[in-house]
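Now for the letters of each chain:
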Amino acid sequence: MTTAVAESLSYWSMTGPRHGSDLDALLRRVAGRDADAFAVLYDRTRARVYGLVARVLRDSGYSEETTQEVYLEVWRTADAYDPAKGSALSWLMTMAHRRAIDRVRAEQAATQRESRYGTSTVDPARDVVAESALAADERRRVVECLDGLTDIQRQCIEMAYYGGLTYAEVSQRLSANLSTIKSRMRDALRGLRNCLGVP
Amino acid sequence: MTGPTDFELLELATPYALHAVSDDERAAIDQQLAAAPPSVATAFRDEVRAVRETMTAVSAATAAEPPTHLRTAVLAAVQPDVARRSRWRTALLAAAAAIVVGLAAFGAGIAMRPSPTPTMAQQIMAASDVRTVSGQLGAGTATVVFSRGMNAGMLIMNNVPPPAQGTVYQMWLIGDKGPTSAGTMDTAAVTPSTTDMLTNLGNSSALAFTVEPGNGSPQPTGKIIAKLSLT
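Protein sequences, first through last, are from chains A and B.
Mapping of the first sequence onto the working numbering: position 147 corresponds to residue 213, and the numbering continues sequentially without gaps.
Mapping of the second sequence onto the working numbering: position 1 corresponds to residue 16, and the numbering continues sequentially without gaps.
Everything labelled a hint here was simulated from the structure, so no lab data went into it.
Quick caveat, the model's predicted, so the values are computed rather than measured.
Even for Gly, the Cβ is constructed at its ideal location relative to N, Cα and C.
Worth double-checking, as some hints may not be accurate.
[As the list claims (entries may be wrong)] Partial list, computed: chain B residues near chain A (C-beta under 10 Å): (1) 70; (2) 74; (3) 80; (4) 92; (5) 156; (6) 165; (7) 166; (8) 173.
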């Protein structure tokens, strides 16, 4: 289990030349209805997927349902994954994020969401899993990169990516005009991308 | 050639990639992209890809282990026999996820009332007005997949702790004439994945759960421990 967890935490181990192609190969097998490959894929990626979904939804029941929906969608649409358009992990995480955002917007608990808007930090998951030194390093590095953003850049990411607000809603919240918010988001992403060395 | 409209479109690549646009706006962007010069569309897609790869790297900071029972549920959904059932109505992913767990439970002979047939479950799933509702029940989750048109529903309980010996969980359909019993579950009937069929939903607006002594009560005596709205 520790091995699976350790592997599941490292972006580079999963998108790099060796393991990245492993995930590609797993997805191809899943597209061919290989349930064993699906189980391996689940174990490699579950902490990433569940962690992101739970970060957005902040409710274990919703997070479990949504995670389950994500993996059913993977099972159903694995043949639509195109390696030319991005890494397999990114395909999966994009799907997970989209479903979490759809869910959070669908929930009418607007008042509950209110309390999240103020948060300006991206806190690492509380339920920290057993992780390899490599994965711990990666987590630290990501947190450092997030710390390297300006407050408003971080707020934009927090409110939109984790809070489920549209950029227009973010601009209202922060009383900033739309172009400013779009620029802050773009700058935040460029900063993170450079800091993390994502190609 | 990049005109002002193209510039505005490119400005939206980051919010679009972050899912930070409304559904309407996303549809509008997709349309503009289809009509945009190839160089603009390519630049947009490159930006979207870079943003998504970056946030994928960032997801190291939020990684958290899911509970182990989720693995069982996810993997059960793709077993060959049930996968076939879940494919005929693939749009209903949430419902499919729930039903698949339920169908697995049928196999184990867990249902406690006159054996519900998968056909009924399939009919509910296939109904044009099928809906799902979930709520906490004890430490677990209760989900009802139901169709008003079919006048029936399917209850799936995951990880609900069994009631204490000598008591049962009793389900009540709450209608305008008050609660009507929809069956009971004793200690032995409640397992990590428990299913039941709900027939004759009538005009009920909710499904409620109480703990009742013995084999159940004609009217609820215990307090409502969970209530799922069927409206």
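Hints versus structure:
With a least beta-carbon distance of about 7 Å to chain A, the hint placing residue 70/B at the interface is held under the 10 Å criterion. With a cut of 10 Å, the hint placing residue 74/B at the interface with chain A holds, because the nearest CB-to-CB distance is about 5 Å. Look at residue 80/B: its Cβ gets to within about 5 Å of chain A, closer than 10 Å, so that hint holds up. Checking residue 92/B against chain A by beta carbon gives a least distance of about 6 Å; that is within 10 Å, so the hint holds.
For residue 156/B, the interface hint holds, the least distance from its beta-carbon to any beta-carbon of chain A being 5 Å, beneath 10 Å. With 10 Å as the threshold, the beta carbon of residue 165/B stays out of range of chain A, its nearest partner Cβ sitting at about 23 Å, so the hint is violated. At about 25 Å, the closest approach between the beta carbon of residue 166/B and any beta carbon in chain A exceeds 10 Å, and the interface hint on this residue is violated. This hint holds: residue 173/B has a C-beta 8 Å from the nearest C-beta of chain A, less than the 10 Å allowed.
Comparing the model with each earlier hint shows violations of hints 6 and 7; every other hint is respected.
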